[in-house]
Structure formats: C-alpha cells, structure tokens
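Asks: Since the structure of chain A is already known, use the hints to place chain B on it.
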Amino acid sequence: MSTTSKRNVVIIGNGMVGHHLVEQLVENGALTQMNVTVFGEERHRAYDRVHLSEYFKGRDAEALALCDADYYARHGVTFNSSEAVVSIDRAAKTVATERGHYAYDHLVLATGSYPFVPPIPGNDREGCLVYRTLDDLDAIRDAAQSAATGVVVGGGLLGLEAANALRGLNLETAVIEFAPRLMPMQVDAEGGELLREKIEALGVQVLTERATQRIEDGAASRHRMVFQDDKILETDLIVFSAGIRPRDQLARECSLEIGERGGVVINDQCQTSDPAILAIGEVALWNQSIFGLVAPGYQMAKTALSTLTDGNASFVGADMSTKLKLLGVDVGSIGDAHGNQNPGARMFRYLDPLTQIYRKMVVSSDGKKLLGAMLVGDNSVYDTLLQYYANGIELPKEPASLILPQSGAAPALGPDALPETAMICSCHNVTKGSIFAAIDAGASDLASVKGDTRASTGCGGCASLLKSVVDHELAARGVEVDKSICEHFQHTRQELYDIVRVEGIKTFSELIEKHGASGAHHLGCDICKPAVGSILASCFNEPITDAAHIPLQDTNDTFMANMQKNGTYSVVPRIAGGEITPDKLVVLGQVAQKYSLYSKITGGQRIDLFGARLEDLPDIWGELIEAGFETGHAYGKSLRTVKSCVGSTWCRYGVQDSVGMAIKLENRYKGLRAPHKIKFGVSGCTRECAEAQSKDIGIIATENGWNLYVCGNGGMRPRHAELFATDLDNEALYRTIDRFLMFYVRTADRLQRTSVWRENLEGGLEYLKEVILDDSLGMGEELERQMQTVVDNYQCEWAGAISDPDKLKRFRSYVNDSRPDPSIIMTSERGQLRPA
Amino acid sequence: MTATAMKQAMVTQSRQVPTGQKLCSKADLVAFSGVAAWFETPQGPKQVALFYLPGHPRELYAIDHHDPFSNANVIAHGIVGDIKGAAVVASPLYKQHFRLEDGQCLEDDSVTLRTWKVSFKGVDVWIEE
Numbered sequence: 001m002s003t004t005s006k007r008n009v010v011i012i013g014n015g016m017v018g019h020h021l022v023e024q025l026v027e028n029g030a031l032t033q034m035n036v037t038v039f040g041e042e043r044h045r046a047y048d049r050v051h052l053s054e055y056f057k058g059r060d061a062e063a064l065a066l067c068d069a070d071y072y073a074r075h076g077v078t079f080n081s082s083e084a085v086v087s088i089d090r091a092a093k094t095v096a097t098e099r100g101h102y103a104y105d106h107l108v109l110a111t112g113s114y115p116f117v118p119p120i121p122g123n124d125r126e127g128c129l130v131y132r133t134l135d136d137l138d139a140i141r142d143a144a145q146s147a148a149t150g151v152v153v154g155g156g157l158l159g160l161e162a163a164n165a166l167r168g169l170n171l172e173t174a175v176i177e178f179a180p181r182l183m184p185m186q187v188d189a190e191g192g193e194l195l196r197e198k199i200e201a202l203g204v205q206v207l208t209e210r211a212t213q214r215i216e217d218g219a220a221s222r223h224r225m226v227f228q229d230d231k232i233l234e235t236d237l238i239v240f241s242a243g244i245r246p247r248d249q250l251a252r253e254c255s256l257e258i259g260e261r262g263g264v265v266i267n268d269q270c271q272t273s274d275p276a277i278l279a280i281g282e283v284a285l286w287n288q289s290i291f292g293l294v295a296p297g298y299q300m301a302k303t304a305l306s307t308l309t310d311g312n313a314s315f316v317g318a319d320m321s322t323k324l325k326l327l328g329v330d331v332g333s334i335g336d337a338h339g340n341q342n343p344g345a346r347m348f349r350y351l352d353p354l355t356q357i358y359r360k361m362v363v364s365s366d367g368k369k370l371l372g373a374m375l376v377g378d379n380s381v382y383d384t385l386l387q388y389y390a391n392g393i394e395l396p397k398e399p400a401s402l403i404l405p406q407s408g409a410a411p412a413l414g415p416d417a418l419p420e421t422a423m424i425c426s427c428h429n430v431t432k433g434s435i436f437a438a439i440d441a442g443a444s445d446l447a448s449v450k451g452d453t454r455a456s457t458g459c460g461g462c463a464s465l466l467k468s469v470v471d472h473e474l475a476a477r478g479v480e481v482d483k484s485i486c487e488h489f490q491h492t493r494q495e496l497y498d499i500v501r502v503e504g505i506k507t508f509s510e511l512i513e514k515h516g517a518s519g520a521h522h523l524g525c526d527i528c529k530p531a532v533g534s535i536l537a538s539c540f541n542e543p544i545t546d547a548a549h550i551p552l553q554d555t556n557d558t559f560m561a562n563m564q565k566n567g568t569y570s571v572v573p574r575i576a577g578g579e580i581t582p583d584k585l586v587v588l589g590q591v592a593q594k595y596s597l598y599s600k601i602t603g604g605q606r607i608d609l610f611g612a613r614l615e616d617l618p619d620i621w622g623e624l625i626e627a628g629f630e631t632g633h634a635y636g637k638s639l640r641t642v643k644s645c646v647g648s649t650w651c652r653y654g655v656q657d658s659v660g661m662a663i664k665l666e667n668r669y670k671g672l673r674a675p676h677k678i679k680f681g682v683s684g685c686t687r688e689c690a691e692a693q694s695k696d697i698g699i700i701a702t703e704n705g706w707n708l709y710v711c712g713n714g715g716m717r718p719r720h721a722e723l724f725a726t727d728l729d730n731e732a733l734y735r736t737i738d739r740f741l742m743f744y745v746r747t748a749d750r751l752q753r754t755s756v757w758r759e760n761l762e763g764g765l766e767y768l769k770e771v772i773l774d775d776s777l778g779m780g781e782e783l784e785r786q787m788q789t790v791v792d793n794y795q796c797e798w799a800g801a802i803s804d805p806d807k808l809k810r811f812r813s814y815v816n817d818s819r820p821d822p823s824i825i826m827t828s829e830r831g832q833l834r835p836a
Numbered sequence: 001m002t003a004t005a006m007k008q009a010m011v012t013q014s015r016q017v018p019t020g021q022k023l024c025s026k027a028d029l030v031a032f033s034g035v036a037a038w039f040e041t042p043q044g045p046k047q048v049a050l051f052y053l054p055g056h057p058r059e060l061y062a063i064d065h066h067d068p069f070s071n072a073n074v075i076a077h078g079i080v081g082d083i084k085g086a087a088v089v090a091s092p093l094y095k096q097h098f099r100l101e102d103g104q105c106l107e108d109d110s111v112t113l114r115t116w117k118v119s120f121k122g123v124d125v126w127i128e129e
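These protein sequence lines are chains A and B, in that order.
Counting in the numbering used here, the first sequence runs from 1 upward without gaps.
Counting in the numbering used here, the second sequence runs from 1 upward without gaps.
Fair warning: there could be bad hints in the mix.
[As the list claims (entries may be wrong)] The calculated lysine to any residue pairs, modelled on SDA-like cross-linking and capped at a C-alpha distance of 20 Å, are: (1) LYS807(A) to ALA31(B); (2) LYS95(B) to LEU751(A); (3) LYS565(A) to SER70(B).
By construction, these hints were calculated from the structure, which means they are not laboratory data.
One chain only, chain A, in its complex shape:
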C-alpha cells in the first residue's frame, strides 16, 4: 500500500490517554492503514501522571515515561513535542500550530484537563502554583527551595497528592478545603473525620470549611491567605488543586458541541458533533459526565481505536470505583458510596477508632446486592467488595461479615464465584474470560498470563486477585502445579534452602539421602545438582572446587571459566567498579598476547579474554593472580559486576563518589552464590550514566546519600528497577542490600532473576518493603548475619585452585595425554583469533 492512500490521523495531546490510543493503534496493526501524527505541548513524551508525586522521591521524567524514547519513531508515528495546536479548521480539515498546518482525515482530541484555580484576588502572585505537569512540579520544587511552609488549596484526591509532594519537599504543609471534610466526593462525614485524624497525625494541618477571600503579602511568610471569617494563614508557597476542567478551548473555537459546564460532547463511539473528530479522556463529556480517572480514559481510547478502524465497539460508561493510597492512607470508593443514588438502600457501617478503620457498605433494600462501599484506613476488603459490586454477585446471608473484623483470614470471594465477565484488571480491560482464553492458548503460569494479557501490569492493584484466578484455573484444569524442582526432590528450591539451613546439611549426598524422592538413584541431575550447589554455597560459602561440591557444578563453575561454543573457555578477572590501573591493564594485554586470547570489553565494564584452552587456564590464572587479579565469577550464578559512572571525583555533575561505592559493594558481595546472576549499578547523580535502573540493584547518588532501586533487568525482558528507599547513608545502604539479597537468595526459584522474582512475589513491592525496611517478619538481623557469614568466608576460588595439585588435575585436556585438543581450530578476523 502506498503511503498516499493512507488516512491521516492527527492526535492532539500526549497524556496517558492519548498515548494509550497510540499504543492501541500500534498493537492492533492499524498503522498499516493510517499515518499518525501526535502533537504534545509539553517537552516530555507521555508520562505517568498517576504517580506524579514520586517525581520528588527520585523518579525522574525518564522513569515516569510510559514508553521508550524511540517508541514512536520505531513504529513510524510522527511525534511533535513542544508543539501546541492553536486552531482547528474543520472545513479544510487542518490543524494549525505555530510551525505550520497539518491535514487530517480524522482528528482525535486528547487534550485532557487543566487545574481549576479559584478566582481569588492574588491567585496569580509569584509562588502560587498548580500541580498537574512535570513542569509544574519543577516550578514547585524551585519555589520550595526558598520556602519553609506550603499550602494546598483543595482537599480532594489531587489535593492530597499535592500535599504529599510538598511534604516530600520537607515543607510544613497545610491543606485547605472548602467543604466540611476532606475528599467530599469519596467519603462521608465519618470517613472524612477519620481521614483528617490520620492525615493530621502525619503532621499535615487540615483546615476545612475555609473559603479563601484573598491572598496578599504576608508578615512572616511570603503570602497571607485571608478567609471568609477574616482568619488568616501565612505561607511561602500555595498550590491550587481544587479540581480539574476539560481543556475544550480548541473545540469551542471550532464550534463543536460543548456541555453546559464544559467538556466536548461525545457519542458512544467517542465522536464529537463532527464525526471526523473524536474526543477521549478528560476533555470528553459522555452522558453528561467527565471521567477524571485513567481507566475510563483507556476505555475511550480503545473505543476510538475501534471507531478509527471501522470496528463496532462502544463506550458504555465506566465504573468510577477507586482504590487509593493518599499520604499513606488507604481510601476506597465503590459505586454508590454515599448511598444517595439508590432510594431504599441500606447502610452497614463499621468504625474502629483504635486501629482507625472505617468501612461502609450500601446494600439493596432486599439485602442481596452491593450497591456501593466506602473504605478509609484499610483497603484489604476492597477487591472482594468490588467483585460483589461489579458482577452483581448475591451477598452472603449476613452481609456485615464482609466488613467486620475477622479472627482468621477475611472471607475472600473465591475465584470460582466470579462470572467469566468479571473484570479482573480494569487498567487493561482483562476479564476472567480473557484470562481463561490466554490459558486455552497455552499460558501455563502466572507470568505468561501476565505477559499475554497485560493483566496486572498497570496499577498492579489486581495482582493478588489475578494470582488466585490463575492458580485456581490451572488447578481446576489439572495442570499439575508441581513445584518439585526435578524428579529427585519433591521440594521447591525454597524448601530445599530451608532444609539445608535448618538441618545444617553440607553436602549433596547427605541431602539426597535424607530428603531425596524415594526410588531415586542418588545421583541427582543437571537441574537439582547446580541448584543445591548454589544453595550450599549461599549458606556456607565453602569453595565450589572442593571434592564434595565439584560434581554439582555446571562446567563453567567446575573450570571457573565460561565455556564457549567450540569448547574453549573465556576468562574474566574482576575489575571492581570498572576501575583498573594502567599496570594491570598492561598485564591483561600481555596475558592475552601470550595465550592468543581474543579480547573484548564487556557490558559490565571489564575485559573478557576468549579462546583459552582448558589446560592453559591454570597458567593464565597464575599470571593474573600474580598481578593482583582475582576471579570475576563471570561463570557463576553470583554477583557479576557493579557498573559505575566516574562520579564526583572527576565529573562536574557528580554529587557522590560512585566509583568508590561501586568498589566497596563489589568487594562486599563478590562470591555470593544466588539463584541467578546479580548485577549492580551505581550512578553519581541523577543523570544516571551507570544505567543503574536496569540492574538487579541500582544505586543513584543524591545530595543526601543514596537512592536504592531494586529488581531491574536489561536483556530479553527489560524492566525498570523500582525505587525502594531514599537518601540512605552508607551503612543503611549496606544493611538494606544485605537483607534484600539474602531474602532473594532464600526465597527465589532456581534461575529466577530478581525481576521475575519480584513480579511473582505476592504482595509486590509493598510487601518487599515491609520485610526489608520495616522488618515485618522479624528476620532482618538474621539476614544480615547470614550475609556477613558469606562475606567473611569469601576466598578467591582461582587462588585456592592453583595452589592445590589435586584440583589442578582436572585442568588437563586428556588424563593420559598432554596434547591440546586438535579439533579446536582458530582463524583470524580484525587482527584477532576467533573460532573457525
């Protein structure tokens, strides 16, 4: 198809919803039929506005971005950032920007909304800001540098988010709300009171029923706010977050139909009054409603995709139920939470002033259906209540049991009880039925269901529900969820680990004798032997070259080198932090020359010497150790490298000595055997030159210490590491990593990287934080002690091997002949040897 016959689709706006439409177009192959041009007025590409307040906790624009920098280019979508559309000519079917005119066949308005600033005299004073975009956040951060106090005008969802951001900037923070309580849309008087108590306990001042009359010069602070009763409040910084308004200006100016209180009117196909123009997201008014949440916006994007590709999907409204954590306080709202839309509805309320939990259910007059619910302080019953509500499931005989405290586990709704239409993941519109379809198509575990359906990859709120649905269905289909590691042990890796630890078992033969599956021949196999070898090393750190351990090792561990495709080995000495003296660099060159080794710089900032013959390995290592090198464990499921940027010692931007830290960390954790390899990165400032956020452990320097990121990965399935803790000092950093790594070593499956481990971890990042940072399992000290044992028992395996004639016996090409393997043939390429 020639490009001229393609339709031109122009999308105005590159927020979360506009971006989602692009993703939908890409994923559904619609780009073969259309040229897509996107205009975004911000300089950044689409980012995650839901988690905006994390911007002040170390997540920068790049980490908040919703796609890779080259995503649009890669898929042939034209993306014009920093280019605002200034007018639409419906007759000519063009849009104009300051840079030119662009023709469209279909136009999509995804312009979103803007923050409403109440018409208060003085609201345009310097230091009176809004909270909506990354640029807004930069302005808030700049203003906060010379401020001690901050006020948020507006006590709704966004207002509390903004308050959280101000707290993050260490400002003494107050929230002002016009209504008699916080979050008046979501909670009632009792819930609001509880919410106030909780938020005040965090040191945030809450002032309700306050209408600001004017803002003027303050006496002690920059501003003075004067209220309706002439009371005053002084502050240095004011953030308005009093609701949002649709950005419908462009639509008004080209005379599209606009709602009475704003918003571009759309039909069920997301078309405006001009069928060539669609509107989606917070600018769109459907059935008199604006949907200020991301999930309905995504639904509209999907509908728009269908409309643009002659599909027949309709937008039929969206459930506005939400589960939030605001300033660390759980708030949940489901359906008719206030009970004022259903005459005759009955209310159930539970209030615990001690644990500060409030739960309310709105139930139909016959007591059979849940019409709405409200939760403050604890969202643990949210998922269950939402399923009752969304699927119209009949309530138990005593509905109150759903919100009353339970002595045992709360009565969760079994996955069985859900109909196939039940929405499991509302971010990606995944129903129980589509999960079954994924399993029909071959997905056989949680990770593949997630990969195929994208369920639980949005906000992640449905993770535990998804797991129970998948587990239950797999079990029901007789898919044996056999967790046995192999035929020799009816145990998981984690169980074997616990057995080894608790019983102090130090050899494979003892383990298989005592705990092997009955009838086994006591040999093990290439699955269980390396796994047990790794567990024994993690627990006791005896040299893997000891006679009892050597048969357990993969060939790479056996010969402490990496076997390459022609049977030769590669040699990687440790170059901690990527720092190497010229003298040592010379030695590497000399050794490579002497033994004819192909030399290449690795991604982990060290040097890999390829093509070493088995029988040469001891001599090569003899020379390397003589020069002060030690083994780099490139062959092991263990710590590989700690990559670093050059840091504050040389770089004008660096705020900490990242190389020094990288070397300390690499030397601390070298030799730690783990379920899989472990990579670290340390960056000296937020520019992140060490790419630490793609590592299992990523550390980024801050003015005050170190931010710790965990569970990132590059490779086949890249995953951004997640921010785990901020502004740690050196000691706290070591302690946290000790605990984290040991917990991973203890609980991960065999050959499971931290990223996959994390994705399968029930409770997710929050749970991990509780265990590691809050020590919720009370095992923090034990984990640290264990790590210290490993650290204390470290010895260079190669140094041990070359001084032991018995161990060296293995490094012979043939036990009865000293000739090298004649079938290894090399050829020359670009001045070096390579396998022929």
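Replies: Just chain B, lined up with the frame of chain A:
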C-alpha cells in the same frame, strides 16, 4: 549417527579381534564426574569421556567425548545424573542428555553417541575397542 551407520560400524567391529588397552589409572578419575582421555585405535584416535560413579551398580562408563550438537569435544565436562533410573550426562553446551549405558540421546532419537566397554583392572582403567 544413523542406524545404518551404527550397524555398519558394528559389522566392522565384529570382524576385529577384540583388544583391550590401558587408558589411565583410577586416580585420574573424578568421582561422580567426568574426565577426557585420548584413545588410539586402529581406525584413528578417539576422544573418550570417562565417568566414574563409585558405589553404584555400574561404576565406570566410557562414551564419546564429541558432542554432535555443538561439534565440540566437551561431553566429559557435562553434569552426571540419572533420569528415570538411567545414568546420563548432560551436554555442557546445549544441555541434551545422553544415556551413559548406550549413548542414546534422550531429546533426539536419531542421535546416539559411541560407547565402549570399560573396566578396572586393579587400579588401571581398561578399555576395549
């Protein structure tokens, strides 16, 4: 090796007078693991992987050191184990399993490694062509 080639090899073998020779000594072996040995035969040199499983019903195996999947001589460096009761070695490169008893590849019926009769004579390891 195809089945026909195998048969031909066996026919050729049967015409020869079976001869044995010492390959190495027991001390050269590594318990529950493998070593490689050089083996001169009338048909030319062979590389043999020797596996030693002390205390097992059959303690000693000799199997071709050459891995047909990678075309490299690496079988002696694989991990020894048992699968469904049969002693096997896993290729260290692409992880196929070969039965030590008869060289059969468990992942690919058409592939079989050459095996030899091997035994201890005192402390010597004795192989028969």
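Asks: Taking the hints in turn, state whether each one holds.
Replies: Here's how the hints hold up against the structure:
no.: 1; hint: LYS807(A) to ALA31(B); in the structure: holds (13 Å)
no.: 2; hint: LYS95(B) to LEU751(A); in the structure: holds (15 Å)
no.: 3; hint: LYS565(A) to SER70(B); in the structure: holds (7 Å)
Checked against the numbered hints above, the structure breaks none of them.
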